[in-house]
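S.K.: Following the hints, put chain C in place on chain W, whose structure we already have.
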Amino acid sequence: MKKTSSHTRTVPNPSRRRFLQGLAAGGVLMGLSPWVKPGWAGQVVTTATGKAPILSGTEFDLVVAETMVNYTGSPRMATTINGSIPSPVLRWSEGDTVTIRVTNRLNTSTSIHWHGIILPYQMDGVPGISFAGIPPGETFTYRFTVEQAGTYWYHSHSGFQEQTGMYGTIIVEPRGGEHIRADRDYVVQLSDWTDEDPMKVFEKLKKQSAYYNFNAPTAMDFFRDASERGLGKAISRRRMWNRMRMSPTDLADISAHTYTYLMNGTTPAGNWTGLFNPGERVRLRFISSGTQSFFDVRIPGLKMTVVHVDGQDIEPVTVDEFRCGPGETYDVLVTPQDDAYTIFAQSMDRTGYARGTLSTHAGITAPVPELDEPEWLTMTDMMGAMAQGGAMAGMSGMKHRDHGMSGGMNKNTTPVRHAKTEYGPSVDMRVDMPRTNLDDPGIGLRNNGRRVLTYADIKTPGEPVDPRDPGRDIELHLTGNMERYTWSFDGLEFGKSTPIHFRYGERLRVILHNDTMMTHPMHLHGMWSDMEDANGEFLARRHTISVQPAQRISFRVTADALGRWAWHCHLLYHMDAGMFREVIVS
Amino acid sequence: MHKRLTLGCMLLLGGSVFPAWADSGGAGQGGTINSISMEDMDHSSMPGMNHDNKQNTSEKPEVMQGRAQGGSAPANARDPHAYSGGYSIESGKYALPGPRILKLADEYNFASLLVDRLETVRASDNSSITYGLQAWYGRDYDRLVLKAEGNVDNGKVDEASTEVLWSHAVATYWDGQLGLRYDSGEDSGRTWLAFGLQGLAPYWFELDITGYVSEEGHTALALETEYEILLTQKLILTPRIEMNFYGKDDAGRGIGSGLSELSTGLRLRYEIRREFAPYIGVEWAGTHGGTADYARVAGLNVRETRMVAGLRFWF
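The listed protein sequences derive, respectively, from chains W and C.
So the first sequence is numbered by our numbering: it starts at 1 and just counts up by one.
So the second sequence is numbered by our numbering: it starts at 587 and just counts up by one.
Hints listed in this document are in silico derivations from the structure and should not be mistaken for laboratory results.
Just so you know, even glycine gets a beta-carbon here, dropped at the ideal spot from N, CA and C.
Zero decoy hints are in this set.
For each label pair, taking beta carbons as the anchor points, the in silico distance ranges come out as: (1) K233(W) / V868(C): 30 to 36 Å; (2) L897(C) / S56(W): 56 to 62 Å; (3) E861(C) / P278(W): 48 to 54 Å.
Extracted from the complex, chain C is given alone in its bound form:
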């Protein structure tokens, strides 16, 4: 177990070297054929397949050194509509009369609800229920997303955050998200503008990073990353890290600027079905910086180890 974790951490570090959105352009190397090929062969011995085709030598640099994923289209990229002869699938010669009836799944709305965490949390002096879920409705590249997480203590919601976002695919594995977040619970409600990026970083790290600006001008940043380690096809260990940063002190809410909260969790689930998996786990949570100072003044723990047990399900 220890060894596996070590490897997981190595990968975590390795993964962070690459910008998470490396495949959406820029200097990242999330999968260029060249970087791949260097590991396995001497690619200097590849003069190209089209040596007998002088008319096209100008195209070689693009085609030979292209990236296998992401990137942006070179100037000479093909127009996918070039073969259409001006026809459309809606109308024109031999088209059926009336509105188009052939619509495939790309024009169909799907819906999903994933309750990633519904768990009882036991800390040294308290136990409560925590939930974290994400639902979406829409198509392949544009969706309405609902994210909610919160804590229920003694039957009362003492902390909850709910976001409604428009999610738009911006790269192979990344969705850009824009919307509103509403915090409720013990403190009075607060609304934030939310904008972020959610997706899959190289090496299969699930990442959700969102920036927030509140009505009163407060700023915050939330970062969540998760990684699935398949011990078997059904027994899955998931390390999870969640961090919250704030732009400035907010004494009224006991929040200091900078890194405010950090929690690291490890959950082990068994997928009875893909959609239905009970789990157990442990979470180390703590407040940091100014937030920790406020907590100490209020007589609260700044470090906490929690045992969790819960259910992950989706449909």
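Excised from the complex, chain W in its bound form:
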């Protein structure tokens, strides 16, 4: 029986093991395969991996080029900035005007987007919206004043260049100096690497969307399930999925079947290591740069105090584990006492992990945990509040006082209004009773015995910078058709869409409603997303908000940035499929 149960995972054979773990030394030249073609400059340069150079000041020169990298035993060409993966760490100071000259030595157009940085739209680096892109051989000069502080990142916004190596960290020091006290400060940038041409990966998904899912329910699972739970339960567990032609194990689209997960550009076998002296306070700046991967991060033996999210200080919260979606950043403080700890970042679909070590001396390691068992998506992920006990759970957010925002009906629990365009071939499901609670860590992290960070825990201290109540609501639905591998807003891919118009100066509420069974990290460029809870209370200032399946989330925006901006799912393959809108502030 097709699409039936899970939990048979192929045990990696030795060669597969090496593939998953990667080579210990990235960048060893092993003879050039036909895949490796000299780039624009006519010579093959090896990528530096594992330790991003740190550049600081106000003037920066970045050069984008193809360089050779070897993560799996097969050399490949990467697109890199200044020849390293990750790209250099840029250290800026709040209030400075920075000038960044980006030279393109690829034979195709490139760009750099400064993720989370508030700047004039012409400097935002989205080809076709902010500017025309940087043609081969040319230099584009970015110049803007940095009016914020914290941990951010940057990446290419052209084609699949982010997948092939163009991502780096930005650290902006606050005007009065760093106020989060730490003895050590490490960037931990998480990403995914594939030896395949990302366009080929995308084409495969278009032709067979479950191509990379080797955790599909099988007939064997069904019979095991039937013998354990009884035939009736085994059938009813599958009936709805099968009727709807959806897979309960579609958690990531792209798995470790092709991905090698990296920590600071280093494979698990390469084991990126950060040193400390026992008792020191260590700040770890996690940047989630996976193009299609959510990471669940923990450091067995250490509590992590999350202090800073998406470049904003938050009220500290101590957890064992957190999930970071592509685009998000999480700064945590840890105080290690023992010799060594493993930083373990498993992919959401539990097919692989990025791994590194915190230790007192180089070469000491700690045990690496087993991957968790993958879980099936649940009724909650398909049906939202209805599955949580219908009215009871659906109304849990209602029993609190009504705060009367804009007449009391503008909370994200207002009636669901699907778009007209959600009833056609581009949409494979609609949720009529979404869940609005934020205290769910998400599939795979529920009730795992660990204290896992949830969105309900992320609170920016104080009131929102703009205290006005939103003047109106904009409701957008996140949609897709997994079978066709199409992704969209309101059932309309980018090419069929019209821009979203924000009136200059207005304060408005955006409601994102997820009509799919995947979690989408939604990134609005140019303006902050002031996230609300289900009651319309301000929670946190964010630049990327992951909306879980069948979930409805709202945030407020102050439309104070004139121009055209991108708004998209930060899963690169969803964005490139069309889950992308333009915003005009005028």
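M.R.: Here is chain C on its own, set in the frame of chain W:
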């Protein structure tokens, strides 16, 4: 193995209860939230989340009883362009000069070729080669589709049918198709107008149903359904049923009206890669009705068991 097949058949029957295109509207229940919820909870206890929101009570019936898939938009469905303020992504304030350069995959043409069956067929008195393939070129919702199948015997094509169709997505899992079919082989060629529906029925049945009208006014209907049973992630058992019906007798070609041919196959493939899978299988084929009568007169077998071995590949 027997048990699995039985279950497969149960599902097959269950699947046929629902119209295959249940999700494209009408009375089908291919996935309404209500039918789902009834299995798992008492949904009469759901007065709605918006009890404190009287202004919107009129919207409740639509939102509370909507279907999770398919259906048609209610009158009060949201206009997805309502927020545009009259702007377009092509032009207007702050738009870049010149033609739009930001184009994503929804405006990109893809191409695919799937050779579903390329196999040697051994029957009691004969062996031959059969092929069945489908290629497409185009975008997410509109494609040019080529379907071809045929039989090669002793190096000669003795039966071949090739269709060129425009395929347009009409529902979540369904494409409507319109085009031409050309039959060639031992008989003289024949051209048909072809129109059909191809897609995925509830419970993952792949279905291809096409009606044909020939130049001479003959009509035909072909129905093909396939189901994939994952024994493991790579070992896949595929039952397949193919049926042909004709509108009237065509003595010249030995075809009687009604059900003419029925074949049932079972193929077991191993995906060395997703794109490359050798298989073995068995197929039971037979002619029926008037067609069988013609076959008997011609001294041909009306029932045949064939062993097949072949390759399925795509790119």
